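So the protein sequences, as listed, match chains A and B. All residue numbers for the first sequence refer to my numbering, where the first residue is 1 and numbers rise by one. All residue numbers for the second sequence refer to my numbering, where the first residue is 1 and numbers rise by one.
Be aware that a few hints might be false.
If the Cβ cut is set under 8 angstroms, some of the chain B residues that face chain A in the computed set are [stated by the list, open to error]: (1) E22; (2) A25; (3) D88; (4) T89; (5) T93; (6) S98.
With beta-carbon atoms standing in for the labels, derived distance ranges [as the list claims (entries may be wrong)]: (7) A97/A - T109/B: 26 to 36 angstroms; (8) S28/A - L101/B: 22 to 32 angstroms; (9) G52/B - Q61/A: 31 to 41 angstroms; (10) Q61/A - E84/B: 29 to 39 angstroms; (11) T104/B - Q102/A: 25 to 35 angstroms; (12) R93/A - Q12/B: 36 to 46 angstroms; (13) E12/A - G72/B: 27 to 37 angstroms; (14) S28/A - E30/B: 26 to 36 angstroms; (15) D36/B - P10/A: 21 to 31 angstroms; (16) E37/B - A130/A: 39 to 49 angstroms; (17) T5/A - E37/B: 42 to 52 angstroms; (18) S40/B - A130/A: 42 to 52 angstroms; (19) G52/B - S28/A: 21 to 31 angstroms.
Worth flagging that the hints you see were computed from the coordinates, not collected in a lab. As the structure is a prediction and not an experimental result, all values here were calculated from the model. C-beta: ideal position from N, C-alpha, C; glycine also.
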Amino acid sequence: MPDLTPLTVPGELESLKAVREYVTDATSMAGLDKTLTNRLRLAVDEIVTNSIVHGYQESGQEGAIWIRARLDDEKLTVIVEDEGPYYDPTQHRIPSAEDLGQPLDTREIGGLGIYLAIRSIDEFRYERTATRNRNIFVVYRSAPARAE
Amino acid sequence: MAFECSLEMTPQGIAKITLSGELDASVAQEFRDKVDEAASQKAKRLVLLMAGLEYMASAGLRSLIFAKQKMGTGVDIYVVAAQEPILDTLTMTGFQHSVILMDTYDAATIEQL
Numbered sequence: 001m002p003d004l005t006p007l008t009v010p011g012e013l014e015s016l017k018a019v020r021e022y023v024t025d026a027t028s029m030a031g032l033d034k035t036l037t038n039r040l041r042l043a044v045d046e047i048v049t050n051s052i053v054h055g056y057q058e059s060g061q062e063g064a065i066w067i068r069a070r071l072d073d074e075k076l077t078v079i080v081e082d083e084g085p086y087y088d089p090t091q092h093r094i095p096s097a098e099d100l101g102q103p104l105d106t107r108e109i110g111g112l113g114i115y116l117a118i119r120s121i122d123e124f125r126y127e128r129t130a131t132r133n134r135n136i137f138v139v140y141r142s143a144p145a146r147a148e
Numbered sequence: 001m002a003f004e005c006s007l008e009m010t011p012q013g014i015a016k017i018t019l020s021g022e023l024d025a026s027v028a029q030e031f032r033d034k035v036d037e038a039a040s041q042k043a044k045r046l047v048l049l050m051a052g053l054e055y056m057a058s059a060g061l062r063s064l065i066f067a068k069q070k071m072g073t074g075v076d077i078y079v080v081a082a083q084e085p086i087l088d089t090l091t092m093t094g095f096q097h098s099v100i101l102m103d104t105y106d107a108a109t110i111e112q113l
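Chain A on its own, in the form it takes in the complex (with noise of 0.2 angstroms):
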């Protein structure tokens, strides 16, 4: 099964299309349907837009994001890493169904990037190497494997 070449971007907010593009031909190459694409878009968006900001930028460090993809016949997997500090999403605190009940003018904004992003796929692992983050997204490509 192929894998889709490696992408490795800058780590600023003017690099999101070229992941988002990246995510779409990923799926494209695993003939996930139109809700599964805009739902791994959006989830590998999120994430990376929180490594941007809230890794480098926050940090007033400039870094690289590094994507790649892998196809089997069970599943696409996006592997996403950025060298910034570390910083694992599962951590932090996600809106509960309370809070997302909460009228707009009250409405707490933390967090979600990150439900959305572990929300809208099958899958979602955090990893620390060495020197990264690693974020790695996983959906499947059939839906009986799905309600495994």
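Starting from the known structure of chain A, arrange chain B on it as the hints suggest.
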């Protein structure tokens, strides 16, 4: 498609913002600037025309929160003709309760203050 947004104020004080392209964190400030402009002109209603908006990230959602807080509780926000992925995002995060969703531009409702 590149992000574009434009603001039109009607004589009755309805702010119509037309959004097109892709709304992500790199361009969300442009949207917020238009909301600021609408608020400074004391808009009584905010109408977001989204037929041409192909994509919206959480930066767009945060901008909606910003809009609501900036314009005050008395100002309704209409979201008109949002595409499927954007409706998906709005409902996943509970936003459908705080804005008025419309499939098409219903002038009778929107322009009646």
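Status of the hints after comparison with the structure:
Taking 8 angstroms as the C-beta cut-off, the interface hint given for E22/B holds, the closest approach to chain A being about 7 angstroms. Below 8 angstroms, beta-carbon pairs count as interface contacts, and A25/B has one with chain A at about 4 angstroms; its hint therefore holds. Hint status for D88/B relative to chain A: holds, with the closest Cβ pair at about 7 angstroms, below 8 angstroms. Because the beta carbon of T89/B sits about 7 angstroms from the nearest beta carbon in chain A, less than 8 angstroms, this interface hint is met.
Checking T93/B against chain A by beta carbon gives a least distance of about 6 angstroms; that is within 8 angstroms, so the hint holds. Below 8 angstroms, beta-carbon pairs count as interface contacts, and S98/B has one with chain A at about 4 angstroms; its hint therefore holds. A97/A and T109/B have their C-beta atoms about 30 angstroms apart, which keeps the hinted 26 to 36 angstroms range intact. Separation of S28/A from L101/B is about 30 angstroms and conforms to the stated range, judged on CB atoms against 22 to 32 angstroms.
Distance hint check for G52/B and Q61/A: the Cβ-Cβ separation is about 36 angstroms, which falls inside the suggested range of 31 to 41 angstroms. Between Q61/A and E84/B, the C-beta spacing of about 37 angstroms keeps the proposed range 29 to 39 angstroms intact. Judged by the Cβ atoms, the range 25 to 35 angstroms given for T104/B and Q102/A holds: they are separated by roughly 29 angstroms. Range check, R93/A to Q12/B: about 42 angstroms between beta-carbon atoms, so the 36 to 46 angstroms window is met.
A hinted range of 27 to 37 angstroms for the beta carbons of E12/A and G72/B is consistent with their spacing of about 35 angstroms. At roughly 29 angstroms, the beta-carbon separation of S28/A and E30/B lies within the given 26 to 36 angstroms, and the hint holds. Taking 21 to 31 angstroms as the suggested C-beta distance range, the pair D36/B and P10/A conforms, at roughly 29 angstroms. For E37/B and A130/A, the hinted distance range of 39 to 49 angstroms is satisfied, since their beta carbons lie about 48 angstroms from each other.
The given range of 42 to 52 angstroms is respected by T5/A and E37/B, whose C-beta atoms sit roughly 43 angstroms from each other. With their beta carbons about 50 angstroms apart, S40/B and A130/A fall inside the hinted range of 42 to 52 angstroms. Evaluation of the 21 to 31 angstroms hint for G52/B and S28/A yields a pass: the beta carbon distance comes to about 23 angstroms.
Hint compliance for this structure: every hint is met.
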